[in-house]
Structure formats: C-alpha cells, structure tokens
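**Q** Starting from the given sequences, assemble the full structure and let the hints guide the process.
In this text, residue positions in the sequence shown follow my numbering: the first is 99, and each later residue adds one.
Keep in mind the hints are simulated off the structure, nothing from the lab.
All clues stand as given, with none of them false.
Calculated pairs, DSS-like style, for lysine-lysine (alpha carbon to alpha carbon, straight line, at most 30 angstroms):
no., residue 1, residue 2
1, LYS239, LYS124
2, LYS277, LYS296
3, LYS198, LYS168
4, LYS152, LYS124
5, LYS170, LYS119
6, LYS119, LYS198
7, LYS260, LYS119
8, LYS168, LYS119
9, LYS152, LYS168
10, LYS170, LYS152
Now the in silico label distances, taken between C-beta atoms and shown as ranges:
no., residue 1, residue 2, range
11, ARG258, ASP143, 32 to 42 angstroms
12, GLU261, GLY310, 37 to 47 angstroms
13, GLU183, HIS142, 35 to 45 angstroms
Using N, Cα and C, we set each Cβ at its ideal position, and we do this for glycine too.
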Amino acid sequence: CGTIKENTALELIFGTGNPGKLALMKEYLEGMDIELTDLSHLDHDLGEPEECGKTPLENAREKAEYYYEKLKRPVFSCDSGLLIEGLSTQEQPGVHVRVKDGIRMTDEQMTAYYSGIAHRLGGCCRARYQNAVCLILSETKRYEYDGEDIGGEAFYLVDRAKEQKEEGFPLDCISVDIKTGRYFVDEEYIPCFDGQRKGMREFFQRALEDYGAG
Numbered sequence: 099c100g101t102i103k104e105n106t107a108l109e110l111i112f113g114t115g116n117p118g119k120l121a122l123m124k125e126y127l128e129g130m131d132i133e134l135t136d137l138s139h140l141d142h143d144l145g146e147p148e149e150c151g152k153t154p155l156e157n158a159r160e161k162a163e164y165y166y167e168k169l170k171r172p173v174f175s176c177d178s179g180l181l182i183e184g185l186s187t188q189e190q191p192g193v194h195v196r197v198k199d200g201i202r203m204t205d206e207q208m209t210a211y212y213s214g215i216a217h218r219l220g221g222c223c224r225a226r227y228q229n230a231v232c233l234i235l236s237e238t239k240r241y242e243y244d245g246e247d248i249g250g251e252a253f254y255l256v257d258r259a260k261e262q263k264e265e266g267f268p269l270d271c272i273s274v275d276i277k278t279g280r281y282f283v284d285e286e287y288i289p290c291f292d293g294q295r296k297g298m299r300e301f302f303q304r305a306l307e308d309y310g311a312g
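**A** Pasting the structure below:
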C-alpha cells in the first residue's frame with residue numbers, strides 16, 4: 099500500500115475542468131496536505147466518461163474510475179443531483195440536471211429550462227442538491243461518501259433570472275437564498291458552505307489517515 103510521507107503534500111487531481119468547482123474545492127480543503135489541480139492543467143485530452151449512473155454516487159464513482167484508469171494517479175470526482183419540490187418522481191432532474199430529452203444543455207438553456215419549471219410551479223419552488231464524492235488513491239485504496247452533510251441546503255428556484263456572474267454555475271442566477279431572499283449572484287449574497295466544507299474536509303481527512311496507515 100502507498101504511504102504519505104511526513105510534510106509531503108499529496109498531489110491530487112480533481113476530475114473536472116470547471117474552474118469554479120476547482121476554486122470551491124480548494125477553499126474547502128485549504129490547509130490540508132493536498133496539492134490540488136484539475137483536468138484543465140493536464141497536457142493531454144482524456145475524453146469524458148459516459149456518466150450512466152442513477153445516483154450522484156454512482157456517477158462520481160464512474161468518473162473517478164475513468165480518470166484513474168487514464169492517469170494512474172490519485173484522483174477524485176464529485177457529482178450532484180437536483181431535487182425540486184412539486185415535481186413528480188419521473189420529472190425530477192436528479193443526476194441529469196444538465197440533460198433534457200437526451201440533449202446536454204448549455205448554461206443558457208439550463209437557466210431557461212429551470213426558470214420555466216419554477217414558473218409552472220407558481221414562480222418559485224424549493225430545491226436542494228444531493229452531493230457525492232469518490233476518491234481513488236491507489237488500486238486498493240478508494241473512498242466514497244454521499245452523506246447529507248456534504249449536500250446543499252434548500253433554496254428557492256425562481257422564474258425571474260438575473261445576470262449570470264460565473265460560468266459553470268448556470269442556476270445561480272435563478273437561485274435564491276431562503277433566509278435572506280438574495281439571489282446567489284447578488285453582490286450582497288454571502289454563501290454559507292460551512293456544513294459542506296466541514297463534511298468534505300472530514301471525508302478527506304478520514305481517507306488520508308487510512309491511506310497513510312496502509
């Protein structure tokens with residue numbers, strides 16, 4: 099089994115090319131012995147996994163396995179599923195939040211589609227994300243988690259969009275904080291990721307401790 103040398107940061111690849119997601123994960127794992135990068139910093143095209151899972155954890159596992167087989171280096175992937183109150187089970191986007199009728203939507207198409215759902219449900223509806231992570235450090239060391247502590251708090255989806263602020267988060271311009279009433283893209287809005295940050299850090303800490311003891 100591999101071991102982590104004292105005072106040596108683990109070089110870890112986040113299986114995404116989304117700069118916003120990389121920045122958020124770096125914030126979550128700040129201060130840990132991890133040197134984090136993503137797929138955009140690699141010098142070759144790895145292609146993309148199919149993501150055929152029915153749950154966030156199945157998709158996270160599929161992506162992590164795909165990138166590990168390509169790279170043979172420590173890698174992890176995350177995936178999310180969106181649940182919207184008021185929709186039937188068949189209509190729930192779940193892990194297919196970006197896919198409609200077999201077509202992958204652009205950021206603009208996602209905003210239009212989900213604001214349309216909010217409009218159909220009275221202009222505003224509650225929603226929340228379920229999150230999962232799969233970390234593969236070696237052929238024999240893998241770690242998975244999809245607990246509620248790394249999921250998102252409930253928020254409102256609304257039918258009136260504001261200007262998008264950051265690429266890669268297309269629903270932020272129609273997402274509203276329940277407590278403050280502010281859009282996620284408002285300058286005054288300060289997101290609270292304390293719960294997710296704590297849950298994610300504890301997951302990685304458990305994994306690194308087990309890996310180092312192997």
